[in-house]
Amino acid sequence: MSTGTACRAPDKSNCVMEHSVMKITVANVEYVARLARLALSEAETDLFAGQMDAILGYVDKLNELDTADIRPTSHAVPMENAFREDAVASSIGVGKALANAPDRVDSFYRVPKVIE
Amino acid sequence: MDIFELTIHELSGKLNAGEVSSVEATRAMLARIGSVEPRVGSFITLTPESALAEAEAADRRIASGEAHVLTGIPLALKDIFLTEGIRTTCGSRILHNFVPPYSATSWERLRDSGCVLLGKLNQDEFAMGSSNESSAFGITRNPWDTTCIPGGSSGGSAAAIAARQATATLGTDTGGSIRQPASHCGCVGLKPTYGRVSRYGVIAYASSLDQVGPITRDVTDCAIMLGAIAGHDPKDSTSVRTPVPDYTAALTGDVRGLKIGLPKEYFIAGLDRDVQESMDRAIETYGRLGAEFVEISLPHTDYAVATYYLIATAEASSNLARYDGVRFGHRSGHAEGLIDMMTKSRSEGFGAEVKRRIMLGTYALSSGYYDAYYVKAQKVRTLIMGDFTRAFENVDVILTPVAPTPAFKIGEKVDDPLQMYLSDIFTIPVNLAGTCAMSVPAGFSASGLPIGLQLIGRPFGEETILRAGHAFEQATEWHARKAAI
Numbered sequence: 001m002s003t004g005t006a007c008r009a010p011d012k013s014n015c016v017m018e019h020s021v022m023k024i025t026v027a028n029v030e031y032v033a034r035l036a037r038l039a040l041s042e043a044e045t046d047l048f049a050g051q052m053d054a055i056l057g058y059v060d061k062l063n064e065l066d067t068a069d070i071r072p073t074s075h076a077v078p079m080e081n082a083f084r085e086d087a088v089a090s091s092i093g094v095g096k097a098l099a100n101a102p103d104r105v106d107s108f109y110r111v112p113k114v115i116e
Numbered sequence: 001m002d003i004f005e006l007t008i009h010e011l012s013g014k015l016n017a018g019e020v021s022s023v024e025a026t027r028a029m030l031a032r033i034g035s036v037e038p039r040v041g042s043f044i045t046l047t048p049e050s051a052l053a054e055a056e057a058a059d060r061r062i063a064s065g066e067a068h069v070l071t072g073i074p075l076a077l078k079d080i081f082l083t084e085g086i087r088t089t090c091g092s093r094i095l096h097n098f099v100p101p102y103s104a105t106s107w108e109r110l111r112d113s114g115c116v117l118l119g120k121l122n123q124d125e126f127a128m129g130s131s132n133e134s135s136a137f138g139i140t141r142n143p144w145d146t147t148c149i150p151g152g153s154s155g156g157s158a159a160a161i162a163a164r165q166a167t168a169t170l171g172t173d174t175g176g177s178i179r180q181p182a183s184h185c186g187c188v189g190l191k192p193t194y195g196r197v198s199r200y201g202v203i204a205y206a207s208s209l210d211q212v213g214p215i216t217r218d219v220t221d222c223a224i225m226l227g228a229i230a231g232h233d234p235k236d237s238t239s240v241r242t243p244v245p246d247y248t249a250a251l252t253g254d255v256r257g258l259k260i261g262l263p264k265e266y267f268i269a270g271l272d273r274d275v276q277e278s279m280d281r282a283i284e285t286y287g288r289l290g291a292e293f294v295e296i297s298l299p300h301t302d303y304a305v306a307t308y309y310l311i312a313t314a315e316a317s318s319n320l321a322r323y324d325g326v327r328f329g330h331r332s333g334h335a336e337g338l339i340d341m342m343t344k345s346r347s348e349g350f351g352a353e354v355k356r357r358i359m360l361g362t363y364a365l366s367s368g369y370y371d372a373y374y375v376k377a378q379k380v381r382t383l384i385m386g387d388f389t390r391a392f393e394n395v396d397v398i399l400t401p402v403a404p405t406p407a408f409k410i411g412e413k414v415d416d417p418l419q420m421y422l423s424d425i426f427t428i429p430v431n432l433a434g435t436c437a438m439s440v441p442a443g444f445s446a447s448g449l450p451i452g453l454q455l456i457g458r459p460f461g462e463e464t465i466l467r468a469g470h471a472f473e474q475a476t477e478w479h480a481r482k483a484a485i
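Chains as they are written, first to last, in this note's numbering: chain X, 1 to 116; chain A, 1 to 485.
Be a bit skeptical, because a hint or two may be false.
Covered stretches of chain A (chain X as the covering partner; in silico rule of three or more C-beta atoms under 8 Å from a C-beta of chain X) [as the list claims (entries may be wrong)]:
1) 35-45
2) 92-106
3) 368-376
No wet-lab data here; the hints were simulated from the structure.
The model shown is predicted, which means the values in this text are computed figures rather than measured ones.
Ideal Cβ positions, reconstructed from N, Cα and C, are used throughout, including at glycine.
Excised from the complex, chain X in its bound form (with noise of 0.2 Å):
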């Protein structure tokens, strides 16, 4: 495992990550574009996986904060479940709906057919 030694200097600006192992190899970052529906060039990819390493790096620094006992927050401000009743409202319409459709046919937007 590497273990990011986290910059302490008040600006920053020499900031300087040294890392034993890149934590974020260009495999990583090709696997992730597929999640997120990216395609990247091989220029994107390597910066990508540089400046995601030195990111990575930095929020290693959360580890030093024993979170055991702690429950996460989802949501900052107390709430409940929102509801309404169930009765139908008005609505935008199709025509409205679908006016910014980049290909339309009638009340269905067309896309290109899945290839496998």
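Position chain A relative to chain X; hints supplied.
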């Protein structure tokens, strides 16, 4: 004084007294925009025809005696707010041709009050940025020094106020995107408590952090705008039913006995000298006004940026999955098959910063990493919230710098994303805690760049930070200084 120099409350007075019409005011703003835009670049879309029609309607309403303080006021909106029938891009190529079929609630409330929409303002793409350099529609320049950034992501909103191209604007704030540009442009910017203002019709970046807020010329205007947009919205299930007070009534000018917390983690050695000096003078001013100071600690401050760049990017990766070329926005013309079409549409439509954050978020949520990154960050978020809850047991507001430095030069940080992210250190914790904060002008650097101070309030404590900010503003001259553009 030129009409374009007036605040909301000044212009409203003149409109209601019949000294000037909304049509005249709107024409004056449009002329001002025309003369200044080539040097600033605040706008993506201008709407002069509809603006003048709205101004005519506002004049009729004022004449009939049914006017609101905002009737006839010309304003502009960050291009993240859906405006029915008016192109809305969120600063992205992927939405370059998107015309919304409905409007954001916050805009509808302002429009119902009789506001006039001058146009849509430039921003970092999908609200991801601190410098307005990632917009697909060009950069915006800081009106105080056009070689500098205006801040981001609501850079156009803040620049438009500093350049007096709109009487007031709305922005959004996820990690500081209202407060930081307000600070860099010498204007007032307020991020309300999460849930205070409806997010319906606001293009989502990070749904647990995003908030809508005003960027204005002074604190009174900020209170007026907040009052008009705040309040429960049935269309936003995260908006709260907490009643909306009269925020302008909070502007009493009295801060005697106000307990101001000074968090030691924010006043670090090595803070920019001009920022430190502005803060020292602000503390002296508040002391003269009768406030009391309490040194406090927000011990998890140092973990806030890391926490934010996991939570925000994870939420963004999910929110931006909708941009796939199927139903709206850019669709690639070069694709073979459905998945290829989605992949190419997204790759052609998104800029580098957006792609980077989607990648980070996708990674943090992916199988095998979800607990180590995303859940861990949410647990640290609980600790950060706890810091603020404890602090507010002993103080009424917390005073901090907004940014570690004044506005940096255009191009200075584009090649080092981590450096860019670290400059949000003072604003991010507030979004994670879900509470409210405001930036008010507090001084200038030696080179004439604005410096703001941040007032952080407890959840739904907007009245207290408005009161504290207004008292400071009235006791100082910073807000009266104008960019020479």
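Is the listed coverage of the region 92-106 of chain A by chain X valid when you require three or more residues with a beta carbon under 8 Å from a beta carbon of that chain?
holds (count 5)
Do three or more residues from the region 35-45 of chain A put their C-beta atoms closer than 8 Å to C-beta atoms of chain X?
violated (count 0)
At a Cβ distance under 8 Å, does chain X reach at least three residues of the region 368-376 of chain A?
As far as the region 368-376 of chain A goes, the hint holds, because 3 residues have Cβ atoms under 8 Å from chain X.
Hint violations for this structure: number 1 only, all remaining hints satisfied.
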